[in-house]
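J.: Sequence:
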Amino acid sequence: MNFKRFLAVVKARNIEFFRDKSSLGWSLAFPILLLVGMSFVFSGDGKAAYKVGVMNLSTAQSTFLDTKFISFVDYQDKALAKTKLSQHSLDMLIDFPAKQYWVNQQSPNGYLVEKIFLASHQDFQQLTTEGKKIRYVDWVLPGVLGMNMMFGCLFGVGYVIVRYRKNSVLKRLKATPLSAFEFVSAQLFSRAFIVMFTSSVVYIGCNFFFDFYMLGSYLDLFIVGLLGAFSLITLGLLVACRSKSEELIGGLLNLASWPMMILSGVWFSLEGAPDALKTVADFLPLTHLVAGARKIITEGATLADISYHLGVLAIMSAIFLVLGAYLFNWNTER
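If you read the sequence shown in the working numbering, its first letter stands for residue 569, the second for the next number, and so on.
Just so you know, the hints here were simulated from the structure itself, not pulled from any lab data.
All residues carry an ideal CB built from backbone N, CA and C; glycine is no exception.
Quick list of in silico lysine to aspartate or glutamate cross-link-like pairs, DMTMM-like style, CA-CA up to 20 Å:
1) Lys650 x Asp873
2) Lys734 x Glu584
3) Lys646 x Glu682
4) Lys646 x Glu867
Quick list of the computed label-pair ranges, beta carbon to beta carbon:
5) Ala844 x Thr627: 20 to 26 Å
6) Met829 x Arg740: 34 to 40 Å
7) Tyr876 x Ala597: 31 to 37 Å
8) Gly593 x Leu787: 24 to 30 Å
9) Lys739 x Leu794: 29 to 35 Å
10) Lys572 x Arg740: 16 to 22 Å
11) Ser688 x Glu839: 20 to 26 Å
12) Leu783 x Ser630: 28 to 34 Å
13) Asp588 x Met829: 21 to 27 Å
Sequences are here, hints too, so could you generate the full structure?
T.: Structure representation (structure tokens):
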């Protein structure tokens, strides 16, 4: 790879984006508007039913588990479950074999669920916990920023490449010493810089007003965001590697983005969801970006704790980049 040519393409793409004031403004305004809207619409806890954590749910036996309007979530890690309880993400935690249950003394929902539970389980030992409640805006923050990154990565790269191809810009670049890998890599690093810059500005700006909940490291959060951006950008490059039709690329990018909006845990948790749905979600890069960022923010996880999500994002990025560069066509005829 010729580093000088690579930097020239990165610089040209960055200048093109920042000169487009409307695109830059929308990239900054869109997630802010979503966060403000969500903070008002979901000013409560964002849940319609009670949620109870159960240690080893598959082996637990109790008539309480048949109670309507209560969602039961299986947990294997007691420390994680107690963290969720302290953050008001759970209303109660029960360990049936040990005949123990935990409630958050500061949770109104926990108080009500405890009363229902004690009606049939008076011999259980009560244990308590306390902690700051996570607002819905805190919980949804990684999803909103991740979704904004997804649109910026997919459409910001896909449409640009198709426009370049349709306007014969790629045809002219092909006549230069620039290789397909150099061009694709330059697009990758340029868009990653733009996406991380806009996301950082949005987070820092909104933090002054919302005072976001944060248990983990900001550096770890940045690394997860950067790796997630790489994965989404390379997916956009792969989708647009041969198309010359703006109508077609719009459909393909929507086909790639809408499942991620619904199944990647942007707006609601996948805890308790069917295993088949979780399996599908695991094949979506946004799932691992949002899950990793959310664990850092709400659980104080380190990079080692979310190594699975980082590994999946790295593998996806490598596969998408190699395929995108291999299949890349400078001037596909319609």
